[in-house]
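Participant: Under the UniProt record's numbering, the first residue of the sequence shown is numbered 1, with each subsequent residue one higher.
For the record, the hints were derived by calculation from the structure and aren't laboratory data.
Check before you lean on any hint, since a few could be wrong.
[As the list claims (entries may be wrong)] Cβ pair distances, simulated, as ranges:
1) Val75 - Ile19: 41 to 47 Å
2) Met4 - Ala76: 20 to 26 Å
3) Leu48 - Gly82: 35 to 41 Å
4) Ile50 - Gly82: 41 to 47 Å
5) Arg77 - Pro25: 20 to 26 Å
6) Asp29 - Gly8: 21 to 27 Å
7) Val75 - Leu16: 31 to 37 Å
Being a predicted model, the structure only gives us computed values, none of them experimental.
Every residue gets a Cβ at the ideal spot worked out from N, C-alpha and C, and that includes glycine.
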Amino acid sequence: MTLMIFFGVIIIAVILALIRAVKGPTAPDRVVGVDIMVTITVALMVLLGIFFKRRIYLDVSLIYAVLSFVGVIAVARYLDKGL
1 MTLMIFFGVI IIAVILALIR AVKGPTAPDR VVGVDIMVTI TVALMVLLGI FFKRRIYLDV
61 SLIYAVLSFV GVIAVARYLD KGL
């Protein structure tokens, strides 16, 4: 039961982040919306790892978070200075 509540909250958060990513008035707003969705996905993978008692989900979520961080930094530099 508790897991279903968590999934419901996560779905609502993804919908709100998707709206931010689509309707953001500027490119940085869209990047923030996508970054929020990645963060929510990482939280979902951690939640699944706890639920299924599998450590691989935690490892994958950590790598995904690091790659996402590097990607957001690259996009931010591109938006700030260009190529």
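Participant: Any hints from earlier that this structure breaks? Give me their numbers in increasing order, please.
Facilitator: Hint check: 1, 2, 7 fail, others pass.
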